[in-house]
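As a plain string of letters, each chain reads:
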Amino acid sequence: MTHPDAELLLRLAAGEVEVFDRIVDRFERPLVRYFHALCGDPQLAEDCAQEVFVRLFKARERYTPDAAPNTFVFRIAKNLWIDVYRSKRARPEATSIDATSDDEDEDRASNLVGSSRSPIEAIGLAEDQQRLRAALLELPEGQRAVLALAIGQSMKYERIAEILGIPVGTVKSRVHAAVANLRKLLGVDVDADPKKGPGPA
Amino acid sequence: MNCTECVDLAVHVLLGQEATEIAARWHEHRKSCSACGAEAARVAELLKRVRSYDAPPTRATFRTELRERLTGLGYDDLLREARPRDRVAARWAWVRHRVRTSTAVKLALAAAAVVVVSAVAWQARDERGTLPGELVGLAPAQPESPSAPIENAPATTPAPAVEPSPPPRGASRADVAFGAPDEVQDKTLAETAIDPTPPLPPDVLERLELATERLNRFATARHLLRKRLRGEADDGAGLSPAAETAMRDATRWLLDQQFEDGSFDPARFEGQPEARVGVTALAMLALQRGGVRGVPTGLLAQRVTRGMDWLRSTRDDAGTLGMVKGADAVTLFNHAAATMAFAERYVLSGRVDEALLSDAVLRLDDLNRQRQGREAQDGDVVAARFAALALEAARSAGVPTVLNLDRVVAQARAEFEGSIDTSLIASGSLPVPQFQAAVTAGAIDPYYTAAPVLRATTLPVPTVMQVLERPELREPSLLFCATIDLHARGGAGWATFEAKLLDELAQTQQRNGSFRAEYAFDAVGRAGGVLYETALGVLTLGVPVRVAK
Ligand SMILES: [Zn+2]
Numbered sequence: 430m431t432h433p434d435a436e437l438l439l440r441l442a443a444g445e446v447e448v449f450d451r452i453v454d455r456f457e458r459p460l461v462r463y464f465h466a467l468c469g470d471p472q473l474a475e476d477c478a479q480e481v482f483v484r485l486f487k488a489r490e491r492y493t494p495d496a497a498p499n500t501f502v503f504r505i506a507k508n509l510w511i512d513v514y515r516s517k518r519a520r521p522e523a524t525s526i527d528a529t530s531d532d533e534d535e536d537r538a539s540n541l542v543g544s545s546r547s548p549i550e551a552i553g554l555a556e557d558q559q560r561l562r563a564a565l566l567e568l569p570e571g572q573r574a575v576l577a578l579a580i581g582q583s584m585k586y587e588r589i590a591e592i593l594g595i596p597v598g599t600v601k602s603r604v605h606a607a608v609a610n611l612r613k614l615l616g617v618d619v620d621a622d623p624k625k626g627p628g629p630a
Numbered sequence: 215m216n217c218t219e220c221v222d223l224a225v226h227v228l229l230g231q232e233a234t235e236i237a238a239r240w241h242e243h244r245k246s247c248s249a250c251g252a253e254a255a256r257v258a259e260l261l262k263r264v265r266s267y268d269a270p271p272t273r274a275t276f277r278t279e280l281r282e283r284l285t286g287l288g289y290d291d292l293l294r295e296a297r298p299r300d301r302v303a304a305r306w307a308w309v310r311h312r313v314r315t316s317t318a319v320k321l322a323l324a325a326a327a328v329v330v331v332s333a334v335a336w337q338a339r340d341e342r343g344t345l346p347g348e349l350v351g352l353a354p355a356q357p358e359s360p361s362a363p364i365e366n367a368p369a370t371t372p373a374p375a376v377e378p379s380p381p382p383r384g385a386s387r388a389d390v391a392f393g394a395p396d397e398v399q400d401k402t403l404a405e406t407a408i409d410p411t412p413p414l415p416p417d418v419l420e421r422l423e424l425a426t427e428r429l430n431r432f433a434t435a436r437h438l439l440r441k442r443l444r445g446e447a448d449d450g451a452g453l454s455p456a457a458e459t460a461m462r463d464a465t466r467w468l469l470d471q472q473f474e475d476g477s478f479d480p481a482r483f484e485g486q487p488e489a490r491v492g493v494t495a496l497a498m499l500a501l502q503r504g505g506v507r508g509v510p511t512g513l514l515a516q517r518v519t520r521g522m523d524w525l526r527s528t529r530d531d532a533g534t535l536g537m538v539k540g541a542d543a544v545t546l547f548n549h550a551a552a553t554m555a556f557a558e559r560y561v562l563s564g565r566v567d568e569a570l571l572s573d574a575v576l577r578l579d580d581l582n583r584q585r586q587g588r589e590a591q592d593g594d595v596v597a598a599r600f601a602a603l604a605l606e607a608a609r610s611a612g613v614p615t616v617l618n619l620d621r622v623v624a625q626a627r628a629e630f631e632g633s634i635d636t637s638l639i640a641s642g643s644l645p646v647p648q649f650q651a652a653v654t655a656g657a658i659d660p661y662y663t664a665a666p667v668l669r670a671t672t673l674p675v676p677t678v679m680q681v682l683e684r685p686e687l688r689e690p691s692l693l694f695c696a697t698i699d700l701h702a703r704g705g706a707g708w709a710t711f712e713a714k715l716l717d718e719l720a721q722t723q724q725r726n727g728s729f730r731a732e733y734a735f736d737a738v739g740r741a742g743g744v745l746y747e748t749a750l751g752v753l754t755l756g757v758p759v760r761v762a763k
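Protein sequences, first through last, are from chains L and X.
First residue of the first sequence? That's 430 in my numbering, and the numbers climb one at a time after it.
First residue of the second sequence? That's 215 in my numbering, and the numbers climb one at a time after it.
Rather than coming from a laboratory, the hints here were simulated on the basis of the structure.
As the structure is a computational prediction, the values presented were derived from the model and not from experiment.
Treat the hints with care, since some could be wrong.
Unchecked claim - Derived lysine-lysine pairs resembling DSS-like cross-links, with alpha carbons at most 27 Å apart: (1) K601/L <-> K585/L; (2) K507/L <-> K585/L; (3) K262/X <-> K245/X; (4) K613/L <-> K714/X; (5) K613/L <-> K585/L; (6) K613/L <-> K601/L; (7) K601/L <-> K262/X; (8) K245/X <-> K613/L; (9) K507/L <-> K487/L; (10) K601/L <-> K487/L; (11) K585/L <-> K539/X; (12) K245/X <-> K585/L; (13) K245/X <-> K601/L; (14) K507/L <-> K262/X.
All chains should be built: construct the whole structure from the sequences, respecting the hints.
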């Protein structure tokens, strides 16, 4: 019994390029969501997802049935992210406590939101999602990556280990550490206080 | 199931990662224990919140842009050409073909690519200005012109066989340095030139791009490291007169213990013969490091060359340096220390066989993994510490053929950081193993990259200082790591620690220059004996000239 995604990738590999649209249907949101969890920048996340599809198309003949479709696609995504991350354009030291660059980041994000999304979504983003975004960006890169896959994509640790090329035990300990760090960063163990930041006047 | 297990398992069970029976026991405990029930609810709430984190809807032009990009890759042509009748047959023919050949083809291509990458890598090395056996820091400074950093290698000669595809948007490989052509390199490239059909698969090309990009980073890091070593070691900056004297005496003692063949025998000084490789490697690290006055440069250089040659000769068929049957921890220590010595030798002088160094790193990864698969043994903690230090050393030396080195280093680091309960850090009362892990994790970054990274596991300065206060924490390699960490942080904390450290070392230094104290040795330290302790003493004293703040 072949997984439907595997079937699509196999058909693409065999030259049925018309199934590519369906592959994009299938993986577009997961990829955008994945990159967004990594960088917190919707524009960049979409650019990355697009680039994954381009790479996937170029590499289409290399898909073999012994690889899980998720692994195949997300490995491309992971490799791309390494490139992007390394190139330093992604997120200029957003983990640092550099107020200026953080502010710029926020400005950029809110401009994007303001320009292309409805006001309701913009407000939603500006509150809990913004806090989550800030907290996620504070996490070490490796911890953010496992969270993006374990929570954002509901993947099994074994699959994540395959994609990231790390032992399952490391995935597990990173998830653990990431959740502990997030709790601290979000202050969830303290009684929920009114949201800070630029709330409604 | 007790409360600790329950809390530890919470996130994994809630993510659906645990086996049914474990999950069932977890739920049972959660329901019966109000504290764990509340904890589980908090974790569940957090997971729900993170799950809700999503990107805004994808922009409307996403598909059309993608389509345009694909058109450039022949998507439209393929779409027109697709002939429904032949498809099924073609697919299965392709699958059959693929299954038969893919593994062999991939392996061959990957091997070829690795060879090409390493050829490129070694071309990209900086010029080898160092004289045979010359020691950085003791020899006259070689002027390093800022206008000619090592990454600006000589004339460019693109590798003939491989033309990497254009970089992805957002990635930069503009400054890939190719070395000047010379006989050896031409030969390497000629040998590895591969038939243009089939082309290299995209993933290999991607890795090539990534590898070349990394090389640039390595080259920069190496450049900084050398500059620092030369500039600072030359005038002894950063070392107090007391430290310098202690280092000189210990260095002289070490020199006296070296055998004709270049090795050191730990069994002569309260150690065991098994650690001969590791101890010799540490002695090499101590001797080849700068900052020792009062020891003739030429003599040191000659001894280092001899010792490094001997280390090289201990490699077995599997590539292990200093294999000890039935003693994993000592084997890992031997191999890791030797790898460190080679990596640093390469940074300082370039006089290391490239294949040896990259093989050593690969083998280190193997040994480290083997260790993870079995039960903990006496000596593991120290051996793992050396493995982590060695990986960082190799990384900063720019070991070229290990494409996954970052993964390996990240893994080593995660192993240390993952084992620390961060909630205990503030209290300053970490259990011994966690303290050791935290101090090691704190040392890895600043030592080799000179860029201390703030992390969740950073211990408060007074806590790190416990290494000098609690007898059970007194282990030479841990003291070395703590010194690196605190020196990198600088300030009053370092000043206080340095005074204490010198005091402590002065008390343990023998009349003959060696270091000898009652430390909490594990199997590695016991095997290393006084030589181990003395070499690490020199390394610890030398931290200020070795590491930038
Ligand atoms: Zn309980």
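Comparing the hints with the structure gives:
1. K601/L <-> K585/L: holds, 10 Å
2. K507/L <-> K585/L: holds, 16 Å
3. K262/X <-> K245/X: holds, 20 Å
4. K613/L <-> K714/X: violated, 34 Å
5. K613/L <-> K585/L: Judged against 27 Å, a Cα distance of about 25 Å means the pair holds.
6. K613/L <-> K601/L: Satisfied, since the Cα-Cα distance of roughly 19 Å is no more than 27 Å.
7. K601/L <-> K262/X: holds, 18 Å
8. K245/X <-> K613/L: Cα-Cα ~25 Å, so holds.
9. K507/L <-> K487/L: Given that 27 Å is the threshold and the Cα spacing comes to 16 Å, the pair holds.
10. K601/L <-> K487/L: violated, 33 Å
11. K585/L <-> K539/X: violated, 38 Å
12. K245/X <-> K585/L: holds, 25 Å
13. K245/X <-> K601/L: Distance of about 24 Å is within 27 Å: holds.
14. K507/L <-> K262/X: Given that 27 Å is the threshold and the Cα spacing comes to 24 Å, the pair holds.
The structure is inconsistent with the numbered hints 4, 10 and 11, although it conforms to all the rest.
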